[in-house]
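Trainee: From first to last, the protein sequence lines are chains A and B.
Numbering of the first sequence is given in numbering that gives the first Met the number 0, commencing with residue 0 and proceeding in unit increments.
Numbering of the second sequence is given in numbering that gives the first Met the number 0, commencing with residue 0 and proceeding in unit increments.
For the record, the hints were derived by calculation from the structure and aren't laboratory data.
Be aware that a few hints might be false.
[To be verified] Partial list, derived from the structure: chain A residues whose beta carbon lies under 7 Å from chain B: (1) I357; (2) T375; (3) T413.
Quick caveat: nothing in here was measured; it's all calculated off a predicted structure.
Every residue gets a Cβ at the ideal spot worked out from N, C-alpha and C, and that includes glycine.
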Amino acid sequence: MSPLYHSRRQLLQGLAGAALLSQMALPALAQTRARLVVVGGGFGGASAAGAMKHLMPAASVTLVEASPHYYACPFSNLVIAGLRELDAQRFDYDGLTARGVEVVHDRAVDVDSIAHTVRLASGDQLAYDKLVLSPGIDFLWDAIEGYGREAVERMPHAWKAGGQTGLLRQKLEAMDDGGQVVMAIPPAPFRCPPGPYERASLIAHYLKAHKPRSRLLLLDAQDSFSKQPLFEQAWAEHYPDHLERYGAADFARVVSVDPDHMVLTTEFDDFRADVANVIPPQKAGEIAQRAGVADATGWCPIDPLSFASTLQTDIHVIGDATIAAPMPKSAFSANLQAKLCAVQIARVLGGLGPEPTILTNTCYSFISNDAAVSITGVYSNDAGRLQSVEGAGGLSPLNADPAIRTAEALQAETWFKTLTQAAFG
Amino acid sequence: MAWRATWQFGLILVGVLLSGCGNASRMDDAPVPDLAVPEAGRAATLSLACSGCHGPAGGAIAGLENYSAEQLQSEMMRYKTEPEGNSVMHRMMRGYSHEDIEAIAAYLGAEQAE
Ligand SMILES: Cc1cc2nc3c(=O)[nH]c(=O)nc-3n(C[C@H](O)[C@H](O)[C@H](O)COP(=O)(O)OP(=O)(O)OC[C@H]3O[C@@H](n4cnc5c(N)ncnc54)[C@H](O)[C@@H]3O)c2cc1C
Numbered sequence: 000m001s002p003l004y005h006s007r008r009q010l011l012q013g014l015a016g017a018a019l020l021s022q023m024a025l026p027a028l029a030q031t032r033a034r035l036v037v038v039g040g041g042f043g044g045a046s047a048a049g050a051m052k053h054l055m056p057a058a059s060v061t062l063v064e065a066s067p068h069y070y071a072c073p074f075s076n077l078v079i080a081g082l083r084e085l086d087a088q089r090f091d092y093d094g095l096t097a098r099g100v101e102v103v104h105d106r107a108v109d110v111d112s113i114a115h116t117v118r119l120a121s122g123d124q125l126a127y128d129k130l131v132l133s134p135g136i137d138f139l140w141d142a143i144e145g146y147g148r149e150a151v152e153r154m155p156h157a158w159k160a161g162g163q164t165g166l167l168r169q170k171l172e173a174m175d176d177g178g179q180v181v182m183a184i185p186p187a188p189f190r191c192p193p194g195p196y197e198r199a200s201l202i203a204h205y206l207k208a209h210k211p212r213s214r215l216l217l218l219d220a221q222d223s224f225s226k227q228p229l230f231e232q233a234w235a236e237h238y239p240d241h242l243e244r245y246g247a248a249d250f251a252r253v254v255s256v257d258p259d260h261m262v263l264t265t266e267f268d269d270f271r272a273d274v275a276n277v278i279p280p281q282k283a284g285e286i287a288q289r290a291g292v293a294d295a296t297g298w299c300p301i302d303p304l305s306f307a308s309t310l311q312t313d314i315h316v317i318g319d320a321t322i323a324a325p326m327p328k329s330a331f332s333a334n335l336q337a338k339l340c341a342v343q344i345a346r347v348l349g350g351l352g353p354e355p356t357i358l359t360n361t362c363y364s365f366i367s368n369d370a371a372v373s374i375t376g377v378y379s380n381d382a383g384r385l386q387s388v389e390g391a392g393g394l395s396p397l398n399a400d401p402a403i404r405t406a407e408a409l410q411a412e413t414w415f416k417t418l419t420q421a422a423f424g
Numbered sequence: 000m001a002w003r004a005t006w007q008f009g010l011i012l013v014g015v016l017l018s019g020c021g022n023a024s025r026m027d028d029a030p031v032p033d034l035a036v037p038e039a040g041r042a043a044t045l046s047l048a049c050s051g052c053h054g055p056a057g058g059a060i061a062g063l064e065n066y067s068a069e070q071l072q073s074e075m076m077r078y079k080t081e082p083e084g085n086s087v088m089h090r091m092m093r094g095y096s097h098e099d100i101e102a103i104a105a106y107l108g109a110e111q112a113e
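Please work from the sequences and hints to get the whole structure.
Mentor: Structure representation (structure tokens):
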């Protein structure tokens, strides 16, 4: 085994050095008393708040998060397929509080970028020197005719984890054998490009095991998609009788739904569903619009060196809300962008400029209960834009030995633990 | 608990401090970093990506605390140069220059030397 994929024993040693170095380093940046405010306590915002407090311990770091708990989306497709419990997705903010972050459970309703204040639903105002927005996504309600807020009970999206995740699972469990599951997939860009296809694989896995006469139909607004050759190979191998996909070339974009009669309508036909999962088109979380950091696309342009908004000063945007392509909207990206943004804010408050670096992304997708595939990207951020580094990144091998798929599933589990501990631990 | 955060961000701090060569204009009340090693800034930001997967969680991905700079560098170079390799690390390291790999190794290896 290579030294970088390793045994448990060796993971638990060798931490004293790290502690010593960081104690030596603390005094200098301790001087900044800046007021740093973060809106959104997901993978981006929780990571940014923790990193900024660690880098600038004398600064006040306030995290505004609407919900008392966070339900992580990564691994939530396993919950839907009955392979994991929803509780395993739940995290709270005690860890960040213990690290000195002031956590305010409230909704940010407005940002005054001139006065440098954030207004909360309670009426309170927070003043900031630097504001980091990581609000994730909001849905474009009624972009699919008939799919408004009230439709989510009958046709769950499950694209923000929590109650919706559990609801989709219950509907699958309650469905009779022989029923048809229909999933609507939106046009890009959306949160987690391979996410719908991981979900499709795992729902097919559930049907094959528990409702063998049922099948899943994908109505996809995209023609090509993330990790496509790997997913198609897995589907042909494992789920030939349980999963069928129509893409944009088949006019399969869902244009309207009728939740009362459980009908989804594409550009060419109507489809009746026993269980429907509608993933609506998306935009940056609403507060981005209020703060004036989103452009006409609904997403937020940023300077890739520091993730500073190009539209407002002293506001940074990270995570799903940004326009950061070719970096995907992933938890891995949000966490890395958060750490980089925190370093650059510290540098700027310390009188230095941001400087270019290399960023990466890795996303694992499960294709069955114990097998996963991955995509990796490497990006440079100089010359004013994020750009894939040529000759790097790419997919897990096709036609791989099952041991490779199992190994990547185990890596995925470690990744999830590491990332959630870093953000919420 | 404390050491988790320390491992992740202790790394960063060193780089931020060391990179204070400071010809940029300073805010009045800003701290004045005192060591002039500009490269450390890049080593620190390059190394941020590693902690996305490598941490103390245990399991299938190793923590990096136990390796010397030499070990880290030769491993990363192996991943970069093995033409048939297709693990996540192979695919990733192909995107890093020799100099960047050296910088990351020296940076993460220094943690362990202390
Ligand atoms: C099914 C699925 C599977 C996925 N799998 C993976 C995976 O395997 N790997 C991976 O890397 N990524 C995965 N993702 C993507 C990942 O979940 C997102 O990219 C990530 O959550 C983005 O982080 P964020 O901080 O931008 O947003 P979020 O994590 O959504 O956090 C936003 C937070 O902001 C809060 N908020 C929003 N507006 C306000 C406001 N006005 N006031 C107060 N609080 C507010 C919200 O309550 C929320 O807690 C998956 C996503 C889905 C849907």
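Trainee: Now tell me, hint by hint, if it's right for this structure.
Mentor: Quick rundown of the hints versus the structure:
The criterion of a C-beta within 7 Å of any C-beta in chain B is met by A/I357, whose closest approach is roughly 6 Å, and the hint holds. Interface restraint check for A/T375: the shortest CB-CB distance to chain B comes to about 4 Å, inside 7 Å, so the restraint holds. Here the hint on A/T413 is kept, as its CB sits about 4 Å from the closest CB of chain B, short of 7 Å.
Checked against the numbered hints given earlier, the structure satisfies every one of them.
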